[in-house]
Amino acid sequence: MNLHLVILIALIFAALWTVMTRSLIRSAIGLALTSAILTIVMFALNAPLAAVFELSVCAGLISVLFVSTISLTHPLSRQEILQHMKDRLTRFWYLPILVAVCAIILSALDIKFSLKLPAHETENDVRVVLWNLRQFDILGQIIVLLSGVFGVVILFREKNKK
Amino acid sequence: MNIQVLADLWPFMVCVITLFVIGFYCLIVTLNLIRALIGIEILIKAITLLIIVVGYVSGHSALTQSLVITMIVIEAVIITIAVGLVVGIYRKTGSLDSRNIRNLKG
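Protein chains in written order, with my numbering: chain G, 63 to 224; chain S, 2 to 107.
If you're looking for bench data, these hints aren't it; they were derived computationally from the structure.
A virtual CB, placed ideally from N, CA and C, is assigned to each residue, including glycine.
Check each hint, because a few of them may be wrong.
[To be verified] The calculated SDA-like cross-link candidates involving lysine to any residue, where the alpha carbons are at most 20 Å apart (straight line), are:
| no. | chain 1 | residue 1 | chain 2 | residue 2 |
| --- | --- | --- | --- | --- |
| 1 | S | Lys93 | G | Thr135 |
| 2 | S | Lys93 | S | Ile82 |
| 3 | S | Lys93 | G | Leu134 |
| 4 | S | Lys93 | G | Asp199 |
| 5 | S | Lys93 | S | Leu32 |
| 6 | S | Lys93 | G | Ile132 |
| 7 | S | Lys93 | S | Arg103 |
| 8 | S | Lys93 | S | Ala83 |
| 9 | S | Lys93 | S | Thr81 |
| 10 | S | Lys93 | G | His136 |
| 11 | S | Lys93 | G | Phe218 |
| 12 | S | Lys93 | S | Ala37 |
| 13 | S | Lys93 | G | Val214 |
| 14 | S | Lys93 | S | Ile75 |
| 15 | S | Lys93 | G | Ile216 |
| 16 | S | Lys93 | G | Ser133 |
| 17 | S | Lys93 | G | Val215 |
| 18 | S | Lys93 | G | Ser130 |
| 19 | S | Lys93 | G | Leu217 |
| 20 | S | Lys93 | G | Gly213 |
[What the hints assert, rightly or not] Which chain S residues stay away from chain G? Per the calculated CB distances, all over 10 Å, these:
| no. | residue |
| --- | --- |
| 21 | Ile102 |
| 22 | Arg103 |
| 23 | Asn104 |
Sequences and hints are given; from them, build the entire structure.
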C-alpha cells in the first residue's frame, strides 16, 4: 500500500508539472510521464492489457503528436505568457476551497455504495469480453477510427487547395 | 465486496479527484490551444483511473479493461483531429492564442 501511495503521489506531481511548466515541450514530456506512471498504477490494479494500451498509445503516439504539433507551430511570445501568468494563480484561488467543501459535504453525507454486480463466468478474460460480449464496441471503435482518418484527410486537403 | 477494500482505496479516489481538478484548472486558465488539449488529456486520464479502480473493486476488471481500451482508441482519434484543427487555426491566424478564435463570422 505504501508503494501505491508513492506512485500515486508521483502521478499527481507529474500532472502538476505538466500543467504548471512554461515550456510546451516540457508539458508534452510531463504528459508522457503521467501516462507512464498511470500505466504502473494500472498494472498494480490488475489491468495489464489496458496498461499496455495506455503506454503504447497515450505515452507513445499522443506524445509524438503533441511534439510534432509544437514543432509545427510557434508558442506564445514571452510577454504574452508573462502577462497571462501574472494572475493565473490568483484568478482561480477558489478551486482548492471548492474541492475541500465538496469533499466535506460528501463525507458528511455518508453514502453507502453497493458494488455487488452480477458476476458472469465468461467475464474472466479480457479477450472474451472484447471479442464476444462487446462486439458493438469494436464496431464503434472502427467507425470512430475511420471518421478520424476521414477528418484528417479533409483538414489537410483543404489546406492543399489554398 | 466489503468495506475494507473501499477503505483501502481512498488514495486512488483522492488521486482521481486531484487529477480531475488539475486538468480542469489547466483547461480554464490557459490561452494556449495545445495546453488546452493537454488539460483534456489529464481529465481523460483521471476518468481512466476511476474506471480501472471501479473494475478492481467490483471484480470486473476484464469488462473495465475493454471499456478503457475503447476509451483510449477514441481519445487518440479525438486528439489527432484536435491537433489537426490547432495546426489549421495556427496557419490561419498565426497564433495559438484561443482569444483569436472567439470572433466567429458566418
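Here's how the hints hold up against the structure:
1. Restraint check: the Cα-Cα separation between S:Lys93 and G:Thr135 comes to about 12 Å, which is no more than 20 Å; the hinted pair holds.
2. With a C-alpha separation of about 17 Å, the suggested pair S:Lys93 and S:Ile82 falls inside the 20 Å cut-off, and the hint holds.
3. For the given pair, S:Lys93 sits about 13 Å from G:Leu134 by alpha-carbon distance, which is consistent with the 20 Å threshold.
4. Note on S:Lys93 and G:Asp199: the hinted pairing is violated, with a Cα-Cα distance of about 37 Å set against a maximum of 20 Å.
5. For the suggested pair S:Lys93 and S:Leu32, the alpha carbons sit about 17 Å apart, so the restraint of at most 20 Å is met.
6. The straight-line distance between the Cα atoms of S:Lys93 and G:Ile132 is roughly 16 Å, inside the 20 Å bound, and the hint therefore holds.
7. At most 20 Å may separate the alpha-carbon atoms for a hinted pair to count; S:Lys93 and S:Arg103 meet this at roughly 14 Å.
8. Taking the CA atoms of S:Lys93 and S:Ala83, the gap is near 15 Å; set against the 20 Å cutoff, the hint holds.
9. Using a Cα cut-off of 20 Å, the hinted pair S:Lys93 and S:Thr81 holds, with the two alpha carbons roughly 18 Å apart.
10. Distance check on the hinted pair: S:Lys93 and G:His136 sit about 13 Å apart at the alpha-carbon level, within 20 Å; holds.
11. Between S:Lys93 and G:Phe218, the direct Cα distance comes to roughly 13 Å. Compliance with the 20 Å bound is thereby established for this hinted pair.
12. Note on S:Lys93 and S:Ala37: the hinted pairing holds, with a Cα-Cα distance of about 19 Å set against a maximum of 20 Å.
13. The suggested pairing of S:Lys93 with G:Val214 holds, with an alpha-carbon distance near 17 Å, which does not exceed 20 Å.
14. With a CA separation close to 27 Å, the supplied pair S:Lys93 and S:Ile75 exceeds the 20 Å bound.
15. A hinted pair counts as satisfied when its Cα atoms are at most 20 Å apart, and S:Lys93 with G:Ile216 qualifies at roughly 16 Å.
16. The hinted pair formed by S:Lys93 and G:Ser133 meets the criterion: a straight-line CA distance of about 17 Å does not exceed 20 Å.
17. Between S:Lys93 and G:Val215 the CA atoms are separated by roughly 18 Å; this keeps the pair inside 20 Å, and the hint holds.
18. Between S:Lys93 and G:Ser130, the direct Cα distance comes to roughly 18 Å. Compliance with the 20 Å bound is thereby established for this hinted pair.
19. For the hint linking S:Lys93 to G:Leu217, the alpha-carbon distance of about 13 Å falls within 20 Å, and the restraint holds.
20. For a cut-off of 20 Å, the pair hint linking S:Lys93 to G:Gly213 stands: about 18 Å separates their Cα positions.
21. Non-interface status of S:Ile102 relative to chain G is upheld: no Cβ of that chain comes within 10 Å, the nearest being about 14 Å off.
22. No beta-carbon of chain G is positioned within 10 Å of the beta-carbon of S:Arg103; the least distance is around 15 Å.
23. Non-interface status of S:Asn104 relative to chain G is upheld: no Cβ of that chain comes within 10 Å, the nearest being about 18 Å off.
Taken one by one, the earlier hints fail for this structure at numbers 4, 14, listed in ascending order.
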